[in-house]
Structure formats: C-alpha cells, structure tokens
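Visitor: Residues per chain, in single letters:
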Amino acid sequence: MKLITIVELLGVISFAFSGAVSAMQKRLDVFGVLIITFVTAIGGGTIRDMLIGNLPVGWLLDINLITTIFVTYLLSFFVHPHAGKIRNIIFWMDTVGLAVFTMVAITKGLQFHLHPMICVALGTITGCFGGILRDVLLNEIPYVFRKDIYASASIAGGIVYFISAKISNDHNISSIIAGTVIVLIRVGAKFLNWRIPLMYAKDEN
Amino acid sequence: MKLITIVELLGVISFAFSGAVSAMQKRLDVFGVLIITFVTAIGGGTIRDMLIGNLPVGWLLDINLITTIFVTYLLSFFVHPHAGKIRNIIFWMDTVGLAVFTMVAITKGLQFHLHPMICVALGTITGCFGGILRDVLLNEIPYVFRKDIYASASIAGGIVYFISAKISNDHNISSIIAGTVIVLIRVGAKFLNWRIPLMYAKDEN
Amino acid sequence: MKLITIVELLGVISFAFSGAVSAMQKRLDVFGVLIITFVTAIGGGTIRDMLIGNLPVGWLLDINLITTIFVTYLLSFFVHPHAGKIRNIIFWMDTVGLAVFTMVAITKGLQFHLHPMICVALGTITGCFGGILRDVLLNEIPYVFRKDIYASASIAGGIVYFISAKISNDHNISSIIAGTVIVLIRVGAKFLNWRIPLMYAKDEN
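In order, the protein sequences belong to chains A, B and C. To convert, note that position 174 of the first sequence is 173 in numbering that gives the first Met the number 0; the numbers rise steadily by one, no gaps. To convert, note that position 171 of the second sequence is 170 in numbering that gives the first Met the number 0; the numbers rise steadily by one, no gaps. To convert, note that position 37 of the third sequence is 36 in numbering that gives the first Met the number 0; the numbers rise steadily by one, no gaps.
So here's chain A without its partners, still in its complex pose (with noise of 0.2 Å):
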C-alpha cells in the first residue's frame, strides 16, 4: 500500500470519528450517528466531485473506504467514553488529514484544468465541508467558522504549493512542502496559541 494511501486513510478514519464523538455527545441514536459519521468523513469530498462533474462521487466506487469508515464507526462506541486521553492523537491524524485532503483536491482540481486559485478552493472545500456539514447537521454554527485556524491552514497550503510548483515545477515536491506547511500551521495554532483576528471595529452594534 502506497504512503499517500495509509496517509488518506488515517484522515478519514480522523475525520469519521470526530464525528461519531460529535454526534455521540448530542446523543444521537445509533442511525444518526451513522450518518454524522459518514457525512464528516467524506462531505467534503462528496462536495468537491458534485462541484467539478467527478461522478458517480468517489465514495460511491470505494467499498474499502466505505468498509474502514463503517468500522471507525463500530469502534467509536468502544473508545468514546475514552475520547479525552485520546485528544492528543486525534489532533495529530486530523491535521494530517487536512493536509492529505487538501492535496488530493488540488491534484484533482488541475487533473480538470482547472485555475490555481480554484485548485486552492477545492482543496480548502475538501478538507474543511465535511465538518461544515457535520455542525449544521447538528444545528450549530460550524466550528471553522468561529475558533480554529483550520481552513487558513488549507488555503496558506495551497497558495505555497502553487509558488512551489512554479519554482521547482515539481508536483511531489511540492505537496510535500505544501503539506508540512499545512500540519506546521495547525500545530503552531495549537501549541502557541495563534488566533485569526476578528477584524470588527469596536463601536459596531
């Protein structure tokens, strides 16, 4: 199994079960968080092949990611009264994740011609709707919107993996930068506390 593989493979199984937990501490029943599940792992991937005409959508053709999501989901029942401890490894798979996905779409994005600025959309669609879909089903404003440095962590990704591939007009390399910038962004908003500034004037009502 090729590296790119297990590395997608370990950012859908994050991304399945964040949302599992998600819906288990809504305290969905089993159905609901079934679909939470599914509907975070691969919405945003959904989103993106719906957007460029990549039908039937990916997951559609893919009974091994359907298989690995269906028993992330059967696990979750067992490690999510552990869920705090795991914290730690879950952050670490998810923004592996995000930057996996984000490269897989922009991959997918000029396989379909398509301008970089787009390619950098696609990728940030990617790796940010699922959990957009994930929240609004839950009925609350999604999560991205309002405490994290996620989608900008995509987007600076995918403005790098453009310069790069203008300098060194290589595709591997450059995800590769493009990527580690990704996971470099995530961990220094983690661990320093970084903020995206809100921008309001003070006087607004």
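Hints are computed from structural coordinates only; laboratory data are not their basis.
Partial selection, computed: residues in chain C whose CB lies under 8 Å from chain A:
{"no.": "1", "residue": "D28"}
{"no.": "2", "residue": "F30"}
{"no.": "3", "residue": "G31"}
{"no.": "4", "residue": "M49"}
{"no.": "5", "residue": "L54"}
{"no.": "6", "residue": "P55"}
{"no.": "7", "residue": "L59"}
{"no.": "8", "residue": "I62"}
{"no.": "9", "residue": "I65"}
{"no.": "10", "residue": "V135"}
{"no.": "11", "residue": "L137"}
{"no.": "12", "residue": "N138"}
A quick note: this is a predicted structure, and the numbers were derived from the prediction, not measured. C-beta atoms are modelled at their ideal positions from N, C-alpha and C, and glycine is treated no differently.
Knowing the structure of chain A, use the given hints to seat chains B and C on it.
Guide: Below, chains B and C without anything else, positioned relative to chain A:
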C-alpha cells in the same frame, strides 16, 4: 398506470404532506411552505441523482411529479387543521413511501453497477434525506437521528433485498419481500413501541 | 462589457455583500465571513448547475467572478460599519440581482429543454438558495421563508416571462418585461408594505 407508479406517487404525496405540515407548524409564509414541501418530497431522490450522476436530476424531467407535489401543497392548507385526525393515514402512506423509495434507489444503484453495500446506502439516503433536509431548513436536529426506527428499517430492507436476490435470483420477488420487511419493521416500531438502543455508557459526561 | 454582464456583476456583488454583512453580525472569524460571502453569492447558481448537470459548475471556470466576490469580501470589512447608511443601495442592487439571476436561470433551463414550470423553479432556486444556504450555515430559519416578498417576485417574473414569450415570441423583450416585473414587485413590497398572507386558520394549535 402501473402499481409501482401509484405506490410511488402515494409515497411522494405523503412526504410532501409531512413537509407542508412541519412548515406550517413553524408558521412559515406560503413560499416557505412551498419550498419545504418540495424539498421533503424530492430531496432524497435529488441527492441520490447528484451522487450517481443521473443528471438532470429526475424531477426536472417529470412534470407529473411536480404537479402532484404542487397539488398536495395546495390541499395541505385545507387538510392541515385536521392533521391530527389523519395521523394514521399519513403513517401508512409514509411507510409505504419509504419502502418504495428504498427499492427504487436500490434498483437505480444496480443499473449504475454499484456495490450492494453502496446500493443499500443509496436506498437509505433516498428514503431519509428529504426529511433530514426538511429539519435542517427548519433549524432542528433531524428527527430521524433521534427518535424513530426509520432509517434502520430502510437499511434492514436493503440487506434483505440482497440476501433474497442472492437466493432467488429474482429482482421483483426480492423487491416485494424487502419492501414488506420495511413496512413490517415500521409497523412493529409503532405499535409494539420498539426503540433503537442508545448504547451510551451511563458514566459518560 | 455587455449590459447584462454589468448587471449580473452588480447582483453578485450585492449577494456577496449581504452574506458578508450577515456573517459579521454573527461575529464569525475572517474565514467564516469568507465562506458565507461566497456561498451567498454563488450558492443558488451552484445548486442550479448541479441539478441540471452543467458541470463543472459555472464559477469553477470563471475567475473574474471569483475575483469580484473576493474583492467584495475585502471591501465589506470597511463598508460594514456603515451598512445602515447604504441599506437603500443594497436593496436596489439585490433587487436587480434577483431579476437578472432569475432570467439567466430560465434561459439556461430553456437551453436544457426543460418544461416552463421547471424553468420557473430553476429561476427561483437560483435567486433564493444562496440566501437560504447563508441562513442555514448561520443556524437560522431562512429569512425568505418568513418575512419577505422575494421568492414570490421571482416566481411571478418567471410566469410573466413565459406568457410574454408565448405572445411576442421574443426572448429578449420577454426577459426585460419579466425582469421589470420582478423589480416592481420588490419595490412595491418595500414601499407599499405588501405582505404574503399567512393563510392559517386562527383556531390552529
């Protein structure tokens, strides 16, 4: 008119009516009720078609379907004050609708050569996402995530279909058996008060 | 640049700005505002394109559109504190935008040989779903479902278009007449305080 078409229309009418009633309970204006009515009736099939690439999506080419939903919408303003009295009729229409929609989607999945597990997922998406979209638009956590044996009936029916098809090698007979199972599970859930276990440890925070 | 393109850009800018202002009122971070700005501006057209199979969806290939929305997003941080003073300008931009989007969508529906009733629905979806998605992401019941003659204006304009096209057999003239009707209905609703009747019986629980 074929039996399947009549039963399908019954399902659409029932879904449309459930959307209209929910929207009126939130006291939306006539346009809000219109949108919720349509989204509830055709939302599941629309998502299914967009996922598999069956475009334009079905209802764009089916003026009879649109007319049926529109007439249901108009009638629901008169029927709505009596919604309590016809609750049982709605239950039966809705149950038959779920069975039919699940089977139609599985059949469509097979035409697109999708894996049985994916076909079951498509059936459940088609049966449930109309109601999920309705609840999201009405700013509520989807009902099917919380209180009802509904999606589970669709999943169980889908699995029964593939077991039966493996044994009998007959699509029609298997569809009827699976559809009957869906109806029976829904009826059992309602009249015998079956519940989906929540599966949460008591000591969870 | 053609008149239609200028008017279309005015509509997009207005929709983008209304999204940005709504997101800032909820005090989202800069990325949240970015997403809401884009979803409001291109959400309706995106759903239209995904429904009819016009893929990749329009904005993926239109870098000018993306740039326009992005510049609007940046400017909205400066304009936002003065949003109250320019409310009237926004109303006019938004009204013209609704008229143009409705007509563009109907034209696209005709190109796909869809039934007039479906074309009217596409026009309304294109004009309204950007705002609906904005409100869903901001965790509110969509504004157009509750308080405004907005969708109704789009529907009325669509019907007028087909009546006029039947009589005059001229697409351009009919589009202008229908667009004017949409603008007039919106203006009438605002300045003459028209309302959509709620149509609920008083004794309803």
